[in-house]
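*Asks:* Which chain is which? The protein sequence lines are A, B and C, in order.
Those letters in the first sequence? Residues 1 to 512, by our numbering.
Those letters in the second sequence? Residues 513 to 626, by our numbering.
Those letters in the third sequence? Residues 627 to 907, by our numbering.
If you're looking for bench data, these hints aren't it; they were derived computationally from the structure.
If you're wondering where the values come from, they're calculated on a predicted model, not measured in any experiment.
Treat each hint with caution, since some may be false.
DEER-style ranges, computed between Cβ atoms [to be verified]:
1) B/Thr564 <-> C/Gly843: 18 to 26 Å
2) C/Ala650 <-> A/Phe445: 48 to 56 Å
3) C/Ala651 <-> B/Ile515: 19 to 27 Å
4) A/Arg490 <-> C/Gly639: 36 to 44 Å
5) C/Arg644 <-> A/Ile299: 45 to 53 Å
6) A/Ala292 <-> C/Ala650: 16 to 24 Å
Here's a subset of chain C near chain B, in silico, CB distances under 8 Å, partners left out [said to hold, decoys possible]:
7) Gln665
8) Ser681
9) Phe684
10) Ala719
11) Ala720
12) Leu728
13) Thr755
14) Arg756
15) Ile757
16) Val759
To give an idea of the interface, some chain A residues facing chain B are shown, with a C-beta separation under 10 Å as derived from the structure [stated by the list, open to error]:
17) Asp77
18) Ile299
19) Leu300
Here a beta-carbon is modelled for each residue, glycine too, at the ideal position from N, C-alpha and C.
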Amino acid sequence: MRDVLPGLLVALPLLGAALVPLLAALSRRTTRVPALALHAAILAAALGLFGSVAAAGPIRYAVGGWPGPWGIELWFDGLSTLIAVLVAGIACFAAFAQTFGPGRDEAAPASTPLREGLLRGALLLLVGGLLGIVATRDVFNLFVFLEISSLAAYTLVASGGGRATVAAFRYLLAGTAAGSLYLFGVGFLYALTGTLNMDDLAARLPSVEADAALTVAVVLIAVGLSIKAALFPLHGWLPDTYVYSPTPTAGFIAAVMAKVSAYALLRLLGEVLAGTAAGAVVLDITLWLGVAGVVAGGILAVAQRAITRMLAWSSISAMGMILIGVGMGSALAITGALFHMAAHALAKGCLFFGAGGIRASRRGDDVEGWAGLGARAPWTLAALTVAALSMIGIPPTAGFFSKYYLLSASITTGGPAGIAAFAAIILSSLLATVYFLRVLEAVWFRTPGDAPDASGDSAGRQPVPVLPRPLAVPVVALAVLVLLTGIFARPFERHVLPDWESGTARITAEAP
Amino acid sequence: MTIYAFAAALFTLGIAGMALLPNLLRKLLAMNVMQVAVIVFFVSLAFKDGATVPILGQGGAPRAAEFMNPLPHTLMLTAIVVSVSTTGLALGLLVRIRSRFRTLNEQRLLDRLR
Amino acid sequence: MGTAPPGRPPAPGTPRVRRLLGAAAFPALFVGLVVGMTQLPEFGDPASPASTHLSPRFIEDAAAETGAANMVTAVLADYRGYDTLGEAAVIFAAGLGCLVILAAAGARPDPPGAGMSHPFGSVVLDAATRILVPVVLLFAVYVLIHGHVSPGGGFQGGVLFGSGLIMMRLVWGPAHEGRAHQPAVPAFGPGLRGSLVLACAGILAYVGIGLAAMAFGGEFLNYGTLPLGGDPAHVRELATLGIEAAVFLTVAGTVAVLFDTISIGMRESGAPLPPGDGDSA
Chain A
1 MRDVLPGLLV
11 ALPLLGAALV
21 PLLAALSRRT
31 TRVPALALHA
41 AILAAALGLF
51 GSVAAAGPIR
61 YAVGGWPGPW
71 GIELWFDGLS
81 TLIAVLVAGI
91 ACFAAFAQTF
101 GPGRDEAAPA
111 STPLREGLLR
121 GALLLLVGGL
131 LGIVATRDVF
141 NLFVFLEISS
151 LAAYTLVASG
161 GGRATVAAFR
171 YLLAGTAAGS
181 LYLFGVGFLY
191 ALTGTLNMDD
201 LAARLPSVEA
211 DAALTVAVVL
221 IAVGLSIKAA
231 LFPLHGWLPD
241 TYVYSPTPTA
251 GFIAAVMAKV
261 SAYALLRLLG
271 EVLAGTAAGA
281 VVLDITLWLG
291 VAGVVAGGIL
301 AVAQRAITRM
311 LAWSSISAMG
321 MILIGVGMGS
331 ALAITGALFH
341 MAAHALAKGC
351 LFFGAGGIRA
361 SRRGDDVEGW
371 AGLGARAPWT
381 LAALTVAALS
391 MIGIPPTAGF
401 FSKYYLLSAS
411 ITTGGPAGIA
421 AFAAIILSSL
431 LATVYFLRVL
441 EAVWFRTPGD
451 APDASGDSAG
461 RQPVPVLPRP
471 LAVPVVALAV
481 LVLLTGIFAR
491 PFERHVLPDW
501 ESGTARITAE
511 AP
Chain B
513 MTIYAFAAAL
523 FTLGIAGMAL
533 LPNLLRKLLA
543 MNVMQVAVIV
553 FFVSLAFKDG
563 ATVPILGQGG
573 APRAAEFMNP
583 LPHTLMLTAI
593 VVSVSTTGLA
603 LGLLVRIRSR
613 FRTLNEQRLL
623 DRLR
Chain C
627 MGTAPPGRPP
637 APGTPRVRRL
647 LGAAAFPALF
657 VGLVVGMTQL
667 PEFGDPASPA
677 STHLSPRFIE
687 DAAAETGAAN
697 MVTAVLADYR
707 GYDTLGEAAV
717 IFAAGLGCLV
727 ILAAAGARPD
737 PPGAGMSHPF
747 GSVVLDAATR
757 ILVPVVLLFA
767 VYVLIHGHVS
777 PGGGFQGGVL
787 FGSGLIMMRL
797 VWGPAHEGRA
807 HQPAVPAFGP
817 GLRGSLVLAC
827 AGILAYVGIG
837 LAAMAFGGEF
847 LNYGTLPLGG
857 DPAHVRELAT
867 LGIEAAVFLT
877 VAGTVAVLFD
887 TISIGMRESG
897 APLPPGDGDS
907 A
């Protein structure tokens, strides 16, 4: 199995991305079943790899049979398999939510089996791109898969029509600038070392004496990936993209897209470039920008009236939190950052699936529209409440433990950076309390106003369900996962999160 | 060195155009300039004095000094395809924006969205 | 922006704040890049790391290891064949995207009339196209097959083939409708749906070859394990040709899809915009 799973993990999504549109074009029937089966197979491959790596150690896989640095290698360790499971798992929920179609999302064009098949293909392509980024050990290959995931994401965002098209174009400009900056940085690295393989780079970089050129390379790569990871103040593309995307897309992108770029940032800055002087400085800057992002994202989330936009700003705050962990760089901090990636992906996916569905079925995106919903749909709203509590950081949800690890890490880090990180994390919880309690108060303690379809409209039609089933199932399942991750936080941290050993430590250990 | 600086200038022009031009189509053209800059940079890394194009001719075993480095050319073939694809998708988006909002001016578009 | 037409406010420019920020940031970017570049190896230096670390193997051993005289093809389709799968996936993504955004937007899944609304029909164009198109298509296949020993390959051939398809659409009108100018010309080449099928088939063939290598016990895309007979380099050469053909299909199909969808979108998007809003700005 160890020999086959890495290849399957990267091949299956690309196979599906062509197969599903082909079926849709030829048969003109719905492609729901093949697409869901493919997503399930991808998740199974990711889980299998995760188990295999946990049982028998990391896997190096030479695609094409050419070992690195001549060929392209894949590298699966605890970190990459964890993110792969996260991506593949949430993709299953997104694929399930795609059966919801555009629903009553405003301005979305009518769905046909062909269009549905194309969108399913685009989701598979997005998953393939993200898994490619996670798996690769080659800096140029990372760029290629970054662009695959980006183009698929622009497509899925733009499928919302209307304003989503404009959001997608702005996302495309930002994403392409990010990709080009990254590639320029890779060019500098290649000119200095002559290699593209991450292990080879890490081995050859310490002997490179061109400090200025190396600094330029590190900065270009860091800025490029930070744009994709929505690190403050490079987050400009994020709010509109999340708000105007169709609901299944918004749930998936908000859950994992930026986090995969944060993962790439961690891989490159924390491991490959960690031995360089510039790498350490850039990590410090990342920490401070993370602090700024946590605070700014939180404050702007409080200022929003629309719930999806509030969630988008809260994501910027959360990405800041993850990058604080990456910037601190200690084993404990990375544990916290990874825990927060998982906790936030589960909770934010849940919230976006829920908020998007409620926006579409009730035609409202503000707190008033949510008034009294708790009485009408207690289960789904309870699930959304669990996710919101996780965002605030209330035990026993997963969000509490990620903040706990990050706070502990900031205490051990100490100094002005540690103090700032500590204060920012506490402040973010307070701000999250403010903006989520507003909503929760309306949901559970207010009676519904005269929402348009509170009891079926005047024509006597059935009342619209608060959440259609294709969205309600992911919402409840993700909330359960948030709770389970929190309740079993200790085993999760011990057995699921990888032991992080920073590249600096490894390189100094290897050099006698 | 001159050609490196040329790539840097193109890159700066492109990215500045993306940020500063008011028209979305022009932003897209500037984006292309930026991408071409990276391609120029990579291809110039492949150049080797006294070497020829990396295609084997007749004759004995090839020696590394005789041919240019094929790797950057390969990478840039991929980068060109990425650039073409991004441009194609962006044009599709612009056509849609044009018919829906009847403007490609960024400020006016943002006003209409408000 | 020039002068605004009477009765219209001039088109707004870029906000002042952003212009000022840009005036500071972009010169800094340029200076930073150039300072870094001064420490790079000299242009054309045969002793640079880029020229000495990986490339000697690609130059000296590629022909023996992969059977391709064109080293770029060897690296592209074999050593870094996984990158090239990604490249095919990227262009496929663009085709999917344009279909989603433009063509599949309406109620009709495959609008008849994928192509220009008003083909520029004329006898001269018609006669020239009849002669040129077969030459272009044939040359495309030559560039594909000959990519092993001369500049060329799947991407270049695919673009050429796609441009042949576009040429027919430009002159004779949409592939689906009766020909606007010369109804007697037989319909040739794939329409929009057919082009999508071509592109999908290309990706499937590429991944299929990779998976077949796995079925015979190798890594993904390790063509050496395929039971095609002959010595390993020859097997790799044959498989590389298959890979290039897959890229060819994907690129040719996608190029036609891009042209069709964008021309459908342009036809539906109405009259030209006033100068300040775009078309001539």
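*Asks:* Evaluate each hint against the coordinates.
*Replies:* Results for each hint:
1. Separated by about 39 Å at the C-beta atoms, B/Thr564 and C/Gly843 break the suggested range of 18 to 26 Å.
2. Taking 48 to 56 Å as the suggested C-beta distance range, the pair C/Ala650 and A/Phe445 conforms, at roughly 51 Å.
3. For C/Ala651 and B/Ile515, the Cβ-Cβ distance of about 24 Å falls inside the hinted range of 19 to 27 Å, so the restraint holds.
4. Distance hint check: the CB atoms of A/Arg490 and C/Gly639 are about 58 Å apart, inconsistent with the given range 36 to 44 Å.
5. Checking the proposed 45 to 53 Å range against C/Arg644 and A/Ile299 shows it is violated: the Cβ atoms sit about 22 Å from each other.
6. Restraint check, A/Ala292 to C/Ala650: a C-beta distance of roughly 19 Å satisfies the suggested window 16 to 24 Å.
7. A cut of 8 Å between beta carbons decides the hint on C/Gln665: the least distance to chain B is about 10 Å, and the hint is violated.
8. Because the closest C-beta pair between C/Ser681 and chain B is about 4 Å apart, less than 8 Å, the hint holds.
9. Below 8 Å, beta-carbon pairs count as interface contacts, and C/Phe684 has one with chain B at about 5 Å; its hint therefore holds.
10. Proximity of C/Ala719 to chain B holds as hinted, the smallest CB-CB distance being about 7 Å (cut-off 8 Å).
11. For C/Ala720, the shortest C-beta to C-beta distance to chain B is roughly 4 Å, which falls under 8 Å, so the interface hint holds.
12. Interface restraint check: C/Leu728 against chain B, minimum CB-CB distance 5 Å, threshold 8 Å, status holds.
13. The beta carbon of C/Thr755 is not positioned within 8 Å of any beta carbon in chain B (closest approach about 24 Å), and the interface hint is therefore violated.
14. For C/Arg756, the interface hint is violated, since its Cβ never comes within 8 Å of a Cβ in chain B; the closest pair sits about 28 Å apart.
15. Interface hint status for C/Ile757: violated, as the beta-carbon distance to the closest one in chain B is roughly 28 Å, over 8 Å.
16. For C/Val759, the shortest C-beta to C-beta distance to chain B is roughly 22 Å, which exceeds 8 Å, and the interface hint is violated.
17. With its C-beta approaching chain B no nearer than about 26 Å, A/Asp77 sits outside the 10 Å limit, and its interface hint is violated.
18. For A/Ile299, the suggested interface contact is broken, since its CB lies about 22 Å from the closest CB of chain B, more than 10 Å.
19. Interface restraint check for A/Leu300: the shortest CB-CB distance to chain B comes to about 18 Å, outside 10 Å, so the restraint is violated.
In this structure, the hints that do not hold are numbers 1, 4, 5, 7, 13, 14, 15, 16, 17, 18 and 19, in rising order.
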